[in-house]
Amino acid sequence: MSELIPQAEAGPIVEALCERFGVSGALFENYSLYMGSKGKVYMRNTHDSEARNAAVIGLHIATVAGAVKPSTNFVQIFGRHFCRNVIPVTSTEARELIAGLNEFPATSALENVTDGYVALSCDGQSFLCGFLKNGVVQNMLPKSRRRVLEFV
Amino acid sequence: MTPEQTEIAKAKTLEIPELYLERYAPLVDDVDKFVASMRTPLAKAFRVNPLRAEVADVQDRMARYGAELTQCQWYSDAFVCEGIDPNATMQSFLGHIYVQELTSMLPPLIARDELTSADLVLDACAAPGSKTTQIAALMRDEGALFANEPNFGRTRSLKGNLARCGIFNATITNYDLLQFPAGLQFDVVFVDAPCSADGTVRKSPSALRNWRPERSLKYMNLQKQLIRKGFELLRPGGALVYSTCSLSPMENEVVVDFLLRNFPATVEWTPLPYFHLTPGLSEWEEHTFRPEIKRAARIWPHHNDTNGFFFAKIRKSE
Numbered sequence: 001m002s003e004l005i006p007q008a009e010a011g012p013i014v015e016a017l018c019e020r021f022g023v024s025g026a027l028f029e030n031y032s033l034y035m036g037s038k039g040k041v042y043m044r045n046t047h048d049s050e051a052r053n054a055a056v057i058g059l060h061i062a063t064v065a066g067a068v069k070p071s072t073n074f075v076q077i078f079g080r081h082f083c084r085n086v087i088p089v090t091s092t093e094a095r096e097l098i099a100g101l102n103e104f105p106a107t108s109a110l111e112n113v114t115d116g117y118v119a120l121s122c123d124g125q126s127f128l129c130g131f132l133k134n135g136v137v138q139n140m141l142p143k144s145r146r147r148v149l150e151f152v
Numbered sequence: 001m002t003p004e005q006t007e008i009a010k011a012k013t014l015e016i017p018e019l020y021l022e023r024y025a026p027l028v029d030d031v032d033k034f035v036a037s038m039r040t041p042l043a044k045a046f047r048v049n050p051l052r053a054e055v056a057d058v059q060d061r062m063a064r065y066g067a068e069l070t071q072c073q074w075y076s077d078a079f080v081c082e083g084i085d086p087n088a089t090m091q092s093f094l095g096h097i098y099v100q101e102l103t104s105m106l107p108p109l110i111a112r113d114e115l116t117s118a119d120l121v122l123d124a125c126a127a128p129g130s131k132t133t134q135i136a137a138l139m140r141d142e143g144a145l146f147a148n149e150p151n152f153g154r155t156r157s158l159k160g161n162l163a164r165c166g167i168f169n170a171t172i173t174n175y176d177l178l179q180f181p182a183g184l185q186f187d188v189v190f191v192d193a194p195c196s197a198d199g200t201v202r203k204s205p206s207a208l209r210n211w212r213p214e215r216s217l218k219y220m221n222l223q224k225q226l227i228r229k230g231f232e233l234l235r236p237g238g239a240l241v242y243s244t245c246s247l248s249p250m251e252n253e254v255v256v257d258f259l260l261r262n263f264p265a266t267v268e269w270t271p272l273p274y275f276h277l278t279p280g281l282s283e284w285e286e287h288t289f290r291p292e293i294k295r296a297a298r299i300w301p302h303h304n305d306t307n308g309f310f311f312a313k314i315r316k317s318e
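First to last, the sequence lines map onto chains A and B.
Each residue of the first sequence is one higher than the one before, counting from 1 in our numbering.
Each residue of the second sequence is one higher than the one before, counting from 1 in our numbering.
Simulated from the structure, these hints should not be mistaken for lab results.
For each residue, glycine too, the CB sits at the ideal point set by N, CA and C.
Among these hints, one or two may not hold up.
[What the hints assert, rightly or not] Restraint-style ranges between C-beta atoms, simulated for each label pair:
1) A/Ala99 - B/Val55: 23 to 31 Å
2) B/Phe263 - A/Pro12: 47 to 55 Å
3) A/Asn102 - B/Ser204: 34 to 42 Å
4) B/Lys12 - A/Val148: 27 to 35 Å
5) B/Gly153 - A/Cys83: 37 to 45 Å
6) B/Gln225 - A/Val148: 35 to 43 Å
7) A/Pro88 - B/Gln179: 44 to 52 Å
8) A/Asp123 - B/Pro279: 42 to 50 Å
9) B/Pro264 - A/Ser91: 55 to 63 Å
10) A/Asp123 - B/Val55: 12 to 20 Å
11) A/Asp115 - B/Val55: 34 to 42 Å
12) B/Gly153 - A/Met1: 13 to 21 Å
13) A/Gly25 - B/Ala56: 26 to 34 Å
14) A/Thr46 - B/Gln179: 23 to 31 Å
Can you build the whole structure from these sequences, using the hints too?
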């Protein structure tokens, strides 16, 4: 079951995501946020239809557990608007990460990137979320979405 | 031999049960072509997800991977893909494309006009989400789409595919459709009913294993309940799309005829330019169907190089 998050509580979640990736809050204007189990935040277009005993409402965009952790969906969908904390990788590296490589050494000269959640990008497309700490990116791609790609 | 060559060789020697041919030979226009198509594996197809990607960009990237694409004349978002497995591409991972059989794209497509302006839509048997994600795209991710899947285990794949395709307007519910709460009145309802799947032989030759005509009887009873419930959830003037991947009249015309005889419903013929549709049967064995059943559509595998399929677009009287 998911519950609508009141505006006063949704604001800080949106602000945390916008602040981290340098995106405009306007992107969220036509959406409502819902709280599911285990701190999962779902985003749905604003519509007054009644959601009856819904298993899932909208799209999982983040998880709140102390900090706000962006989801893979959030990075893939809104990544084109990000202007900081994006790390470009080669197609070979992208293939390895999507297949399940757990850690990845970030190059030293990264501009506009600080420790914390980052988007990994290949050929201009943000494709997964990682966590950067001390020059190493931890792969945050859920195991259920890891797969072997031949063509990247 | 490559896996593809092995598949072709196996398909060529596919044993088609006599009972199966006895049942369907009288219904097709060309039995030899029908049998030959059943013995030809189906090429992979995909649909571009317009919520996440542009057709031209996908074409460009897939060409760089070495794919040979054929764009469908009847649906510019749809492509037959040869040379590579489209599931193994970055575009599939990102939800820019959805690998889906061509016939499976038909139910949302024939309700395209209704979906463009719909506020409330129900996909009654939604997993794994092929049609659901297409419905959301045709709704331009606006309004509200209820994706109902009675089997909880299967909601996982549904959830994953909706997420991959970046769908914001969907709500997943987990009802046995017959228990779906009354109250909401949907503009469009899709009932892609569980069926014997005996039209999918080209994709799954195992559909012919243990094939018995009686299996359709079991499905027919369930299908009648589902189409009736779907119709009850529809607002007056709304459209219900009933579909199966079975060729059996028992799972198709008999079910739609049941609805027409008992409820204020009419069937609408929905032509698809460049796609060969065969009208529904007007009679079969001891059954004589309501004349408007001819406005439903049968898809025979040899007509469009696809699987076999059936759909009917049904309007609820105002």
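Hint-by-hint comparison with the structure:
no.	hint	verdict
1	A/Ala99 - B/Val55: 23 to 31 Å	holds, 28 Å
2	B/Phe263 - A/Pro12: 47 to 55 Å	holds, 51 Å
3	A/Asn102 - B/Ser204: 34 to 42 Å	holds, 36 Å
4	B/Lys12 - A/Val148: 27 to 35 Å	holds, 30 Å
5	B/Gly153 - A/Cys83: 37 to 45 Å	holds, 41 Å
6	B/Gln225 - A/Val148: 35 to 43 Å	holds, 42 Å
7	A/Pro88 - B/Gln179: 44 to 52 Å	holds, 50 Å
8	A/Asp123 - B/Pro279: 42 to 50 Å	holds, 48 Å
9	B/Pro264 - A/Ser91: 55 to 63 Å	holds, 57 Å
10	A/Asp123 - B/Val55: 12 to 20 Å	holds, 18 Å
11	A/Asp115 - B/Val55: 34 to 42 Å	holds, 39 Å
12	B/Gly153 - A/Met1: 13 to 21 Å	holds, 19 Å
13	A/Gly25 - B/Ala56: 26 to 34 Å	holds, 31 Å
14	A/Thr46 - B/Gln179: 23 to 31 Å	holds, 28 Å
Consistency with the previously given hints is maintained throughout, with no hint failing.
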